[in-house]
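Residue numbers (our numbering): 7 to 222.
Please note: incorrect hints may appear among the correct ones.
[Unchecked claim] For lysine-lysine, the following DSBU-like pairs were computed, each having C-alpha atoms within a straight-line distance of at most 30 Å: (1) Lys201 to Lys24; (2) Lys21 to Lys139; (3) Lys84 to Lys34; (4) Lys215 to Lys199; (5) Lys212 to Lys201; (6) Lys162 to Lys199; (7) Lys84 to Lys52; (8) Lys173 to Lys215; (9) Lys169 to Lys21; (10) Lys169 to Lys120; (11) Lys173 to Lys116; (12) Lys173 to Lys120; (13) Lys21 to Lys162; (14) Lys52 to Lys22; (15) Lys139 to Lys10; (16) Lys201 to Lys22; (17) Lys215 to Lys24; (18) Lys173 to Lys199; (19) Lys24 to Lys199; (20) Lys52 to Lys208; (21) Lys173 to Lys24; (22) Lys84 to Lys110; (23) Lys52 to Lys110; (24) Lys22 to Lys139; (25) Lys208 to Lys9; (26) Lys34 to Lys21; (27) Lys162 to Lys120; (28) Lys215 to Lys10.
Because the hints were derived from the structure by calculation, they are not lab data.
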Amino acid sequence: MRKKERFEKIIEYFKKEKPFAETELHYKTPYELIVAVILSAQCTDKRVNVITRNFFRYYPDVESLARAEQSDIFDLIKSCSYPNNKAKHLSGMAKMLMNEFNGKVPSDIKELQKLPGVGRKTANVVASVVFNKPAMAVDTHVFRVSARIGLTTNAKTPLETEKQLVKYIPEELIPLAHHWLILHGRYVCTARKPKCNECGIKEWCKYYKNNSGSGN
Numbered sequence: 007m008r009k010k011e012r013f014e015k016i017i018e019y020f021k022k023e024k025p026f027a028e029t030e031l032h033y034k035t036p037y038e039l040i041v042a043v044i045l046s047a048q049c050t051d052k053r054v055n056v057i058t059r060n061f062f063r064y065y066p067d068v069e070s071l072a073r074a075e076q077s078d079i080f081d082l083i084k085s086c087s088y089p090n091n092k093a094k095h096l097s098g099m100a101k102m103l104m105n106e107f108n109g110k111v112p113s114d115i116k117e118l119q120k121l122p123g124v125g126r127k128t129a130n131v132v133a134s135v136v137f138n139k140p141a142m143a144v145d146t147h148v149f150r151v152s153a154r155i156g157l158t159t160n161a162k163t164p165l166e167t168e169k170q171l172v173k174y175i176p177e178e179l180i181p182l183a184h185h186w187l188i189l190h191g192r193y194v195c196t197a198r199k200p201k202c203n204e205c206g207i208k209e210w211c212k213y214y215k216n217n218s219g220s221g222n
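Turn these sequences into a full structure, and let the hints guide you.
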């Protein structure tokens with residue numbers, strides 16, 4: 007099967023089966039999302055949602071977080087992974103938003119990446135989820151699933167994966183496709199033991215073909 011056809015079939019399936027896929031992080035504003043995404047590095051969305059429920063009571067907006075002591079931030083997020091680094095990043099991020107962006111989360115990916123704790127993946131998440139920009143955020147699920155099912159070939163880095171994906175996914179579907187791949191990787195195409203019997207795209211999956219003798 008040619009790569010273009012594989013993309014078309016898989017996109018067609020997800021458009022029909024998951025037309026409203028979205029992030030599982032809880033947020034109401036761009037500020038809340040950027041905080042949640044920074045916290046989500048090497049941490050489950052479920053854990054992040056528990057942390058942010060209390061966190062936003064203390065720091066409901068950029069201004070309040072910018073004034074916070076780093077040690078107080080740490081106390082609220084210490085149950086997540088790498089709390090020291092994340093406390094530092096959250097503090098620095100809020101201060102920079104106040105000092106350089108008038109307290110507003112920017113929509114531009116390059117501007118977002120200037121913020122402490124915001125790499126390309128986080129910037130792409132914020133740009134696509136909040137501002138509906140055609141930005142493909144590549145996390146561990148997207149990286150793994152894309153390679154496994156045959157959407158990417160020999161991609162060594164998240165950026166290589168991103169470039170290969172956006173080449174074949176229609177621009178208007180990129181924000182949605184990000185969630186399709188994440189959720190598929192989280193619940194069906196799991197890391198250690200993919201649930202191929204439950205998978206709706208196995209007919210076009212490279213992994214399934216190579217490991218079952220079935221498919222195209």
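Results of checking the hints against the structure:
Between Lys201 and Lys24, the direct Cα distance comes to roughly 18 Å. Compliance with the 30 Å bound is thereby established for this hinted pair. A distance of roughly 18 Å separates the Cα atoms of Lys21 and Lys139; the hinted pair therefore holds under the 30 Å criterion. For a cut-off of 30 Å, the pair hint linking Lys84 to Lys34 stands: about 23 Å separates their Cα positions. For the suggested pair Lys215 and Lys199, the alpha carbons sit about 16 Å apart, so the restraint of at most 30 Å is met.
Between Lys212 and Lys201 the alpha-carbon distance is near 14 Å, which keeps this suggested pair within the 30 Å criterion. For the suggested pair Lys162 and Lys199, the alpha carbons sit about 22 Å apart, so the restraint of at most 30 Å is met. Taking the CA atoms of Lys84 and Lys52, the gap is about 15 Å. The hint holds against a cut of 30 Å. A hinted pair counts as satisfied when its Cα atoms are at most 30 Å apart, and Lys173 with Lys215 qualifies at roughly 24 Å.
Between Lys169 and Lys21 the CA atoms are separated by roughly 21 Å; this keeps the pair inside 30 Å, and the hint holds. Restraint check: the Cα-Cα separation between Lys169 and Lys120 comes to about 21 Å, which is no more than 30 Å; the hinted pair holds. Of the supplied pair hints, the one linking Lys173 and Lys116 holds, its CA atoms being roughly 20 Å apart against a limit of 30 Å. Taking the CA atoms of Lys173 and Lys120, the gap is about 26 Å. The hint holds against a cut of 30 Å.
At most 30 Å may separate the alpha-carbon atoms for a hinted pair to count; Lys21 and Lys162 meet this at roughly 28 Å. Of the supplied pair hints, the one linking Lys52 and Lys22 holds, its CA atoms being roughly 27 Å apart against a limit of 30 Å. Restraint check for Lys139 and Lys10: the C-alpha separation of about 23 Å stays at or below 30 Å, so the hint holds. With a C-alpha separation of about 20 Å, the suggested pairing of Lys201 with Lys22 holds against the 30 Å cut-off.
Distance check on the hinted pair: Lys215 and Lys24 sit about 24 Å apart at the alpha-carbon level, within 30 Å; holds. Taking the CA atoms of Lys173 and Lys199, the gap is near 29 Å; set against the 30 Å cutoff, the hint holds. Taking the CA atoms of Lys24 and Lys199, the gap is near 22 Å; set against the 30 Å cutoff, the hint holds. Of the pairs offered as hints, the one joining Lys52 and Lys208 holds, with about 28 Å between alpha carbons and a cut-off of 30 Å not exceeded.
Proposed proximity of Lys173 and Lys24 is supported: the alpha carbons are some 21 Å apart, at most 30 Å. Annotation: proposed proximity of Lys84 to Lys110 holds, straight-line Cα distance about 26 Å (limit 30 Å). Between Lys52 and Lys110, the direct Cα distance comes to roughly 26 Å. Compliance with the 30 Å bound is thereby established for this hinted pair. For a cut-off of 30 Å, the pair hint linking Lys22 to Lys139 stands: about 22 Å separates their Cα positions.
Between Lys208 and Lys9, the direct Cα distance comes to roughly 15 Å. Compliance with the 30 Å bound is thereby established for this hinted pair. Distance hint between Lys34 and Lys21 is fulfilled; the C-alpha atoms sit about 25 Å from each other, no more than 30 Å. At most 30 Å may separate the alpha-carbon atoms for a hinted pair to count; Lys162 and Lys120 meet this at roughly 25 Å. Restraint check: the Cα-Cα separation between Lys215 and Lys10 comes to about 17 Å, which is no more than 30 Å; the hinted pair holds.
Comparing the model with each numbered hint stated earlier shows that all of them hold.
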